[in-house]
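Engineer: Next come the chains, spelled out residue by residue.
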Amino acid sequence: MCRLIAITSNEYFSPMENILALETMKEGHDGSGMGLVLKNLGGEFEELKTCPILSGICSKEGIHILDDYMNKLGFKLKYTWTPKIKPVKEVSRRDYYFARVYDYPDEYRNKSFDDKEDILLRTRVTLRKIGEDDESIIVFSFYPDILTLKEVGDPLQLGEFFNLDKSPLKAKIIFAQGRQNTNYAINLYACHPFFIQGYGSMTNGENTAFVPIREFLMGRGFAGYIGYNSDSEVFTHILHYICKQLRHPLIYYKDIITPLKESEVQTRPDSEAVRLLKISLRPLCIDGPNCVIGFTPDGTCFMVQDAKKLRPGVVGGIKGKYGLVSEECGLDSVITQRDKSQDIFPMKYDMVIVEPDAKEVKVWNQLQGWTITTN
Amino acid sequence: MEPAARLDHNHELALKDFPYIIRWRGNRCNRCGKCTAVCPMLAIEPSVILQRVVQSESPTPEPKTVRLVVSIIKQSTDINRCCTGCGACTLVCPNEAIEPEYNPQHKFLFHKNKGGYPYRRGGRRNDPKPSTLDRLRFTRISMLTDPALDAGRHEFRIRTYLGRILSADELPLKMVNGRLEVDKTLGKFIPPVREIYPVMIGSMSIGALSPTMWEGLAMGITYLNEVEDMPVVMCSGEGGMPQRLLRSRFIKYFIPQIASGYFGWDEIVRTLPHMVEDPCAIEIKYGQGAKPGDGGLLMAHKVLRLISEIRGVPMGVDLPSPPTHQTKYSIEESVAKMIQSMSMAWGFRVPVYPKISGTRTARAVLNNLVRNHYAGALSIDGEDGGTGAAYNVSMDSMGHPIASNIRECYLDLVRQGKQNELPLIAAGGVGKKGNLAANTAALIMLGASAVSIGKYIMQSAADCFGDELNRCNICNIGKCPRGITTQDPKLYRRLDPDKVAERVVEVFKSLDIELKKIFAPMGRSTELPIGMSDGISSDDSAIAERLQISYVC
Numbered sequence: 001m002c003r004l005i006a007i008t009s010n011e012y013f014s015p016m017e018n019i020l021a022l023e024t025m026k027e028g029h030d031g032s033g034m035g036l037v038l039k040n041l042g043g044e045f046e047e048l049k050t051c052p053i054l055s056g057i058c059s060k061e062g063i064h065i066l067d068d069y070m071n072k073l074g075f076k077l078k079y080t081w082t083p084k085i086k087p088v089k090e091v092s093r094r095d096y097y098f099a100r101v102y103d104y105p106d107e108y109r110n111k112s113f114d115d116k117e118d119i120l121l122r123t124r125v126t127l128r129k130i131g132e133d134d135e136s137i138i139v140f141s142f143y144p145d146i147l148t149l150k151e152v153g154d155p156l157q158l159g160e161f162f163n164l165d166k167s168p169l170k171a172k173i174i175f176a177q178g179r180q181n182t183n184y185a186i187n188l189y190a191c192h193p194f195f196i197q198g199y200g201s202m203t204n205g206e207n208t209a210f211v212p213i214r215e216f217l218m219g220r221g222f223a224g225y226i227g228y229n230s231d232s233e234v235f236t237h238i239l240h241y242i243c244k245q246l247r248h249p250l251i252y253y254k255d256i257i258t259p260l261k262e263s264e265v266q267t268r269p270d271s272e273a274v275r276l277l278k279i280s281l282r283p284l285c286i287d288g289p290n291c292v293i294g295f296t297p298d299g300t301c302f303m304v305q306d307a308k309k310l311r312p313g314v315v316g317g318i319k320g321k322y323g324l325v326s327e328e329c330g331l332d333s334v335i336t337q338r339d340k341s342q343d344i345f346p347m348k349y350d351m352v353i354v355e356p357d358a359k360e361v362k363v364w365n366q367l368q369g370w371t372i373t374t375n
Numbered sequence: 001m002e003p004a005a006r007l008d009h010n011h012e013l014a015l016k017d018f019p020y021i022i023r024w025r026g027n028r029c030n031r032c033g034k035c036t037a038v039c040p041m042l043a044i045e046p047s048v049i050l051q052r053v054v055q056s057e058s059p060t061p062e063p064k065t066v067r068l069v070v071s072i073i074k075q076s077t078d079i080n081r082c083c084t085g086c087g088a089c090t091l092v093c094p095n096e097a098i099e100p101e102y103n104p105q106h107k108f109l110f111h112k113n114k115g116g117y118p119y120r121r122g123g124r125r126n127d128p129k130p131s132t133l134d135r136l137r138f139t140r141i142s143m144l145t146d147p148a149l150d151a152g153r154h155e156f157r158i159r160t161y162l163g164r165i166l167s168a169d170e171l172p173l174k175m176v177n178g179r180l181e182v183d184k185t186l187g188k189f190i191p192p193v194r195e196i197y198p199v200m201i202g203s204m205s206i207g208a209l210s211p212t213m214w215e216g217l218a219m220g221i222t223y224l225n226e227v228e229d230m231p232v233v234m235c236s237g238e239g240g241m242p243q244r245l246l247r248s249r250f251i252k253y254f255i256p257q258i259a260s261g262y263f264g265w266d267e268i269v270r271t272l273p274h275m276v277e278d279p280c281a282i283e284i285k286y287g288q289g290a291k292p293g294d295g296g297l298l299m300a301h302k303v304l305r306l307i308s309e310i311r312g313v314p315m316g317v318d319l320p321s322p323p324t325h326q327t328k329y330s331i332e333e334s335v336a337k338m339i340q341s342m343s344m345a346w347g348f349r350v351p352v353y354p355k356i357s358g359t360r361t362a363r364a365v366l367n368n369l370v371r372n373h374y375a376g377a378l379s380i381d382g383e384d385g386g387t388g389a390a391y392n393v394s395m396d397s398m399g400h401p402i403a404s405n406i407r408e409c410y411l412d413l414v415r416q417g418k419q420n421e422l423p424l425i426a427a428g429g430v431g432k433k434g435n436l437a438a439n440t441a442a443l444i445m446l447g448a449s450a451v452s453i454g455k456y457i458m459q460s461a462a463d464c465f466g467d468e469l470n471r472c473n474i475c476n477i478g479k480c481p482r483g484i485t486t487q488d489p490k491l492y493r494r495l496d497p498d499k500v501a502e503r504v505v506e507v508f509k510s511l512d513i514e515l516k517k518i519f520a521p522m523g524r525s526t527e528l529p530i531g532m533s534d535g536i537s538s539d540d541s542a543i544a545e546r547l548q549i550s551y552v553c
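Chains as they are written, first to last, in this note's numbering: chain Y, 1 to 375; chain B, 1 to 553.
Incorrect hints may have been included.
[Unchecked claim] A partial selection of chain B residues facing chain Y, derived with a Cβ cut-off under 8 Å: (1) 179; (2) 182; (3) 185; (4) 186; (5) 416; (6) 520; (7) 522; (8) 530; (9) 533.
[To be verified] Chain Y stretches covered by chain B per the calculated footprint, using a threshold of three residues with CB under 8 Å from any CB of chain B: (10) 123 to 134; (11) 250 to 259; (12) 263 to 275; (13) 278 to 284.
It should be emphasised that the hints constitute simulated quantities derived from the structure, not laboratory data.
Ideal placement from N, C-alpha and C gives every residue a C-beta, glycine not left out.
When you get a sec, could you build the whole thing from the sequences and use the hints?
Structural biologist: Here is the structure:
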């Protein structure tokens with residue numbers, strides 16, 4: 001089972017905080033990989049918030065192909081960040097890790113953000129397809145103010161490998177997954193957190209409903225619903241489909257993935273809408289053991305459980321800094337000074353929502369509505 | 001000269017030519033005559049023979065030959081009175097003196113066409129081999145990485161939907177204070193959708209079934225709904241429904257069927273203003289898995305007073321349903337207009353769906369329905385479906401198995417992204433070998449939203465003798481020895497409707513437990529695993545390839 005640590009704060013912090021939490025939670029875990037998604041970036045990226053950042057890994061040949069393709073589209077390279085690699089025996093180094101900041105092509109400069117998001121997604125998908133067979137190009141995200149790093153290996157050693165403890169790389173929201181490889185060969189595209197057009201999520205568990213959900217998403221005719229090297233990628237795409245495509249509020253994500261019984265739906269003030277959504281999105285119900293931790297474009301972070309609450313997950317912290325983690329000891333290592341009695345362990349009907357800038361924590365209950373607010 | 005044939009019986013059939021041979025033990029028989037009275041085929045009769053007996057009556061052996069006139073039970077060698085192996089004789093015999101025995105060397109089909117009349121019967125395809133459904137295994141067992149659910153402890157919701165489902169981007173929703181509400185100002189039509197149990201009792205008419213059988217089924221499903229909170233529904237079959245049921249609140253558990261004979265619909269339409277509840281749905285029958293391309297026939301001797309009243313026809317006449325709806329000349333007429341008309345009759349509050357035979361052209365029908373927003377589902381009845389009466393050739397040689405038919409239809413919907421919009425109902429051979437839960441779960445994982453059963457419930461709830469070795473299968477002649485498919489009061493009074501209802505409830509309750517036992521280890525509990533094809537495998541690589549599932553050995 002994967003280890004998860006998301007930290008959201010009103011101040012910039014280093015991803016090493018997440019990595020140290022993963023180390024705390026490591027007991028009994030093979031540490032076969034790590035994924036990091038940084039949002040609301042600080043440091044050298046603070047002045048580049050509106051420009052899209054392409055995060056990925058290339059071979060020596062791949063970077064030339066990537067440059068040619070980006071030039072052809074008219075993206076202008078504005079800034080390049082590369083980690084200062086420190087060789088670590090257990091981590092096999094690839095040629096070129098990067099986060100490149102681009103200017104939009106001229107014809108997109110005055111277009112709407114929806115149009116810009118569309119070209120960013122199509123570009124990422126095409127680059128992925130170009131480099132997929134020989135792994136010459138691996139791209140994780142292409143979006144403003146989002147940076148992604150993924151590699152195979154133990155999280156602490158990867159922190160050393162990427163020299164993150166000395167790097168000025170910081171962000172206000174950082175999601176990290178310590179990968180426990182189970183069903184699949186190690187493939188970086190199978191590594192959480194997953195990201196699509198402002199929405200990201202990571203999960204501990206297995207998704208028993210994966211095939212019907214994947215088929216449903218792939219049938220939506222949306223270019224970004226591809227990949228699925230991990231059965232957990234669908235959780236991110238469901239989030240995107242509900243909030244971005246259908247434009248429904250975040251709380252309905254919970255109603256879709258863990259639908260209520262008809263007798264329970266009747267108790268809701270919005271029962272008509274909930275019933276229609278439940279029926280129309282029946283294939284998106286998750287049944288497997290899952291704790292999903294995600295974020296939305298405005299910086300809201302959340303945690304939800306499957307309907308049987310089969311996986312661990314806890315949210316806790318202090319005003320201005322909250323952690324959403326799979327194991328409580330991970331939270332202990334990140335936010336030591338918090339009042340533990342205020343920790344929230346979401347149960348089957350709950351969705352814990354941490355507001356942007358970690359201002360407050362609210363619990364949305366499918367049956368009771370808003371139940372707990374901490375600030 | 002007298003032909004030799006008359007002397008040596010050369011043109012008569014031998015018992016060895018018959019599918020069932022009566023094993024009668026004279027030394028156990030007390031000659032009560034019950035077996036000959038009960039035999040629906042008159043295949044056995046009392047007879048006398050002159051018997052040579054060697055006996056000795058003295059203390060020391062003194063054998064003498066005597067000739068006695070002995071009464072015996074004799075099996076007829078008339079092909080029209082052949083033993084069908086039902087075993088009613090064995091049931092009534094007080095002394096275990098008689099039973100039919102299957103004869104695998106029989107030549108029944110070579111001879112059963114006397115007078116130029118092809119063999120007609122009831123039942124289903126005479127193929128005792130396991131069906132494709134029985135070759136499927138559930139192989140995705142959750143273990144450690146995704147712990148299995150507990151069928152006894154966790155909450156399960158085994159329900160499905162019947163009715164056209166709008167895609168999420170078509171829903172007329174608006175946001176008010178952070179909550180979603182239905183925007184009624186848009187005037188968008190939201191099709192009716194019913195939440196039902198995923199196994200329904202398929203269309204068997206009052207007429208094909210005896211009054212006691214139909215009543216037993218109806219009571220059983222009403223009990224399941226009202227007491228057990230299991231929304232099992234039942235289709236009427238063609239031929240209408242009793243007035244007292246149409247006017248009752250229980251009609252919501254029933255699906256009236258309209259078919260090409262339109263029998264019973266005068267009565268239904270007249271009752272419409274007096275109905276206090278809407279029916280669950282309306283089924284339009286275009287085809288039947290057991291006899292695709294063939295019509296129905298309720299023979300004159302089954303059309304007694306009750307049937308004539310319900311169907312609105314005179315007594316004692318043959319009631320043929322044509323193979324097709326004679327007033328319709330195209331798919332637009334047959335499907336679009338008819339579905340729309342039936343929807344309109346109930347104010348668009350009732351789902352209306354067609355039922356077709358399993359066929360290679362099912363996808364064409366499916367794609368027509370996908371574009372018809374009033375179509376509530378598509379029911380496909382595979383070749384192993386049962387019937388009350390059909391030509392043997394139709395049953396044994398015509399039709400399409402349900403497994404690949406439902407799979408290709410589902411995958412067609414997946415390609416269009418519409419797999420949740422038009423529910424597929426699978427029928428035809430579900431539970432043929434008794435594996436009702438396993439067959440149901442397999443069909444759901446291949447893509448069905450629900451399944452329909454007929455023969456299985458007759459066998460399990462009313463002990464129907466019929467099987468795939470052509471045992472009994474005389475539903476067509478009105479002499480059902482169990483009283484299931486007859487209108488003869490002497491026969492149907494044998495069947496206690498309370499006992500049938502009790503068995504229906506037992507069958508569904510045990511089915512529910514077995515389905516949980518399948519779904520729990522696969523980690524599914526809240527929604528049905530529709531299309532969860534990674535959960536099933538076959539030990540036959542050709543089946544696996546055709547169904548696009550994994551092969552295991």
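Engineer: Confirm or reject each hint.
Structural biologist: Here is what the structure says about each hint:
1. A least Cβ separation of about 5 Å between residue 179/B and chain Y falls short of the 8 Å threshold, and the interface hint therefore holds.
2. The beta carbon of residue 182/B is positioned within 8 Å of a beta carbon in chain Y (closest approach about 5 Å), and the interface hint is therefore held.
3. Checking residue 185/B against chain Y: minimum C-beta separation of about 14 Å lies over 8 Å; hint violated.
4. Checking residue 186/B against chain Y: minimum C-beta separation of about 13 Å lies over 8 Å; hint violated.
5. This hint holds: residue 416/B has a C-beta 7 Å from the nearest C-beta of chain Y, less than the 8 Å allowed.
6. The interface hint given for residue 520/B is broken, as the beta carbon of that residue sits about 10 Å from the closest beta carbon of chain Y, more than 8 Å.
7. For residue 522/B, the suggested interface contact is upheld, since its CB lies about 6 Å from the closest CB of chain Y, less than 8 Å.
8. Because the smallest distance between the Cβ of residue 530/B and any Cβ of chain Y comes to about 6 Å, under 8 Å, the interface hint for this residue holds.
9. Here the hint on residue 533/B is kept, as its CB sits about 6 Å from the closest CB of chain Y, short of 8 Å.
10. Using a Cβ-Cβ cut-off of 8 Å, 0 residues of the segment 123 to 134 of chain Y lie near chain B, which falls short of the minimum of three, so the contact claim is violated.
11. Counting residues of the segment 250 to 259 of chain Y whose C-beta lies closer than 8 Å to any C-beta of chain B gives 4; at least three are required, and the coverage claim holds.
12. Counting residues of the segment 263 to 275 of chain Y whose C-beta sits closer than 8 Å to any C-beta of chain B gives 5, which meets the bar of three, so the coverage hint holds.
13. Chain B is given as covering the segment 278 to 284 of chain Y, and this holds because 5 residues of the stretch bring a CB closer than 8 Å to a CB of that chain, at least three being needed.
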